[in-house]
Amino acid sequence: MALTLKGVTKRVGNAVHIHPTDLTFETGSFNILLGSTLAGKTTLMQLMAGLERPLEGEVWFDGKNVTGMPVQKRNVSMVYQQFINYPNMTVFENIASPLRVARAPEVTIRERVCTMAELLRLTPMLDRLPGALSGGQQQRTAIARALVKDADLVLLDEPLANLDFKLREELRDELPRLFADRNCIVVYATTEPTEALLFGGNTATLFEGSVTQFGPTRQIYRKPNSLLSAEVFSDPPINVMACEKKGDHFEDADGARWTAKGTAAGLSDGPYTLAIRPHFVTPAATGADPVPVSGRVLVTELSGSESIIHFARGGQTWVSQSHGIHAFEVGSEAHLHADFSQALYFAPDGSFAAAGATQS
Amino acid sequence: MNANKAAGRVVPTLYIIFLLLPIYWLVNMSFKTTNEILGSFTLYPQEFTLDNYITIFTDPTWYMGYVNSIAYVTLNTAISVAVALPAAYAFSRYRFIGDKHLFFWLLTNRMAPPAVFALPFFQLYSAVGLFDTHIAVALAHTLFNIPLAVWILEGFMSGVPRELDETAYVDGHGFWSFFLKIFVPTIAAGIGVAAFFCFMFSWVELLLAKTLTAVDAKPIAATMTKTASSSGYELGLLAAAGTLTIIPGAFVIYFVRNYIAKGFALGRV
Chain H
1 MALTLKGVTK
11 RVGNAVHIHP
21 TDLTFETGSF
31 NILLGSTLAG
41 KTTLMQLMAG
51 LERPLEGEVW
61 FDGKNVTGMP
71 VQKRNVSMVY
81 QQFINYPNMT
91 VFENIASPLR
101 VARAPEVTIR
111 ERVCTMAELL
121 RLTPMLDRLP
131 GALSGGQQQR
141 TAIARALVKD
151 ADLVLLDEPL
161 ANLDFKLREE
171 LRDELPRLFA
181 DRNCIVVYAT
191 TEPTEALLFG
201 GNTATLFEGS
211 VTQFGPTRQI
221 YRKPNSLLSA
231 EVFSDPPINV
241 MACEKKGDHF
251 EDADGARWTA
261 KGTAAGLSDG
271 PYTLAIRPHF
281 VTPAATGADP
291 VPVSGRVLVT
301 ELSGSESIIH
311 FARGGQTWVS
321 QSHGIHAFEV
331 GSEAHLHADF
341 SQALYFAPDG
351 SFAAAGATQS
Chain W
1 MNANKAAGRV
11 VPTLYIIFLL
21 LPIYWLVNMS
31 FKTTNEILGS
41 FTLYPQEFTL
51 DNYITIFTDP
61 TWYMGYVNSI
71 AYVTLNTAIS
81 VAVALPAAYA
91 FSRYRFIGDK
101 HLFFWLLTNR
111 MAPPAVFALP
121 FFQLYSAVGL
131 FDTHIAVALA
141 HTLFNIPLAV
151 WILEGFMSGV
161 PRELDETAYV
171 DGHGFWSFFL
181 KIFVPTIAAG
191 IGVAAFFCFM
201 FSWVELLLAK
211 TLTAVDAKPI
221 AATMTKTASS
231 SGYELGLLAA
241 AGTLTIIPGA
251 FVIYFVRNYI
261 AKGFALGRV
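Protein sequence lines correspond, in order, to chains H and W.
Those letters in the first sequence? Residues 1 to 360, by the working numbering.
Those letters in the second sequence? Residues 1 to 269, by the working numbering.
Same shape as in the complex, but just chain H (with noise of 0.2 Å):
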């Protein structure tokens, strides 16, 4: 069984929402779809649920065509950002909507009610109403009412970016312990590259209604195919920069140089775009390659175990982020070290060129 996309797109009026796509999800797989906001995530996921009609292509699900089979008749499962239960009916009624619709004996519908309501921990709560549980509990019901039948495929929209910092961690844990042993795809929409990477599975950047890469999580993060999909792929976000490559060497627009290793020593002379992620830019000099950058420093966060440090650097705002405290006085020029080795060179047109030496 798998799920396949074929070129599907999405416009309402003039706006495309989806560009042609082509994705295939295979049973057993935890899928992320990795954008932000306004990428195409949720439209992108009910053209996969039936919810919408791709406006060009086809969706084939276990080998049949079922563009335009309303979701009704497909067996799948949803769950929201915004915590949806029915208001008017119990925790129990709730999870037991779907199996009630598909007019399953009571007997299962209690067994088995019961036992999602244990795994998710709501059994004291199957008599109240949604309104009456935290926002935790309300999306545990929901995730609980998806899990309830054996959907074949199960779509998460930023299940759990409503809740507050703890509820997530925990849910978090849950989810992937959830899916464990189920023969389901699990498709889950995110806006954090950090949850994308906890999941691991495989994961699709989503640029503006594009898929500009899917594949294993780690190894995209790892080896974007693009600077868009680098781009796409970082938390805080990548740092980026002009350069041109000369013979042995790279050199910047304000004549810094540094030369050149791993595969990116084979590249051919000409522009490229350098991306480092922020956690190779540090106070200390570290790492394989350490080349010094500075900039006047524009924002500092101190979180107590990690100091991230924003500072213009040749026009562009780069971030560094370390371990500890680091205290730069705003305004004041930083003096940091960016391990090159861990660098990213892009072409000219964006696709990836090479890797600094660590990296390949």
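Worth flagging that the hints you see were computed from the coordinates, not collected in a lab.
Think of the CB as a built atom: it goes at the ideal place given N, C-alpha and C, for glycine as much as any other residue.
There's no promise every hint is true.
[Claimed, not checked] Output of the computed footprint for chain W on chain H, the stretches with three or more beta carbons under 8 Å from beta carbons of chain W: (1) 69-79; (2) 96-103.
[Stated by the list, open to error] Label pairs and their calculated CB-CB ranges: (3) Lys166(H) / Ile260(W): 36 to 42 Å; (4) Gly159(W) / Asp22(H): 36 to 42 Å; (5) Thr37(H) / Gln123(W): 55 to 61 Å; (6) Phe175(W) / Arg103(H): 16 to 22 Å; (7) Glu56(H) / Phe251(W): 57 to 63 Å; (8) Pro87(H) / Phe18(W): 38 to 44 Å; (9) Phe96(W) / Arg100(H): 29 to 35 Å.
For chain H, the structure is supplied; the task is to place chain W on it using the hints.
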């Protein structure tokens, strides 16, 4: 500080007395004989009497007025809400050409005074044999109540996230199953508020109700004006009838008072 506190109590107290005075006077009169009302100024009934109420509850020309009013008001409320529900759903969930204009145009129906429609309705209903029936008044009032109900319900429906609809579809509900089993209970408060305003308008509207009825469906307000002219001033009886007219409204408002606040919050009441 204390002066402030005292003023904080005195002002609302005076205001409430001011508001309740006419109602008190009406109730006060209803327990008096007409002679006492006309003869002397008394703050409470000197010769307490229930005769006025007994007359109303035993004389069919009186109590049928209430029955008629309640009949067409109930009919009207049921029709208005039943028609407004799907209309409001369409306005809240779908975008179609001219939807906003249509929505506004619906409301402009309420801007015309009912008197404008009295003559056409009278002529039309006489021609098709609907004159002096409950349904005639009920239908005439829908002209004003459906736009109002659509407006109120649309506000409540738009407050329900579209994802609720989708979740129901994903669960396997068809449209009608979702609409009746899930959506309608979810916006029950809005339906209550809409029904209340339909009830209220239809209950107090006199001109159309009077014009479109003669005997069989004559509303209570019409009965009251006729009695006053035929047998002199039976003020006690009129006051009792007036008191009884207030009761259904007070009764209904008691049940929807919490929801109306919600309607105000949505800016739709």
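Hint check results:
| no. | hint | result |
| --- | --- | --- |
| 1 | 69-79 | holds (count 6) |
| 2 | 96-103 | holds (count 4) |
| 3 | Lys166(H) / Ile260(W): 36 to 42 Å | holds, 38 Å |
| 4 | Gly159(W) / Asp22(H): 36 to 42 Å | holds, 38 Å |
| 5 | Thr37(H) / Gln123(W): 55 to 61 Å | holds, 59 Å |
| 6 | Phe175(W) / Arg103(H): 16 to 22 Å | holds, 18 Å |
| 7 | Glu56(H) / Phe251(W): 57 to 63 Å | holds, 59 Å |
| 8 | Pro87(H) / Phe18(W): 38 to 44 Å | holds, 41 Å |
| 9 | Phe96(W) / Arg100(H): 29 to 35 Å | holds, 33 Å |
Against the hints set out earlier in the document, no violation occurs for any number.
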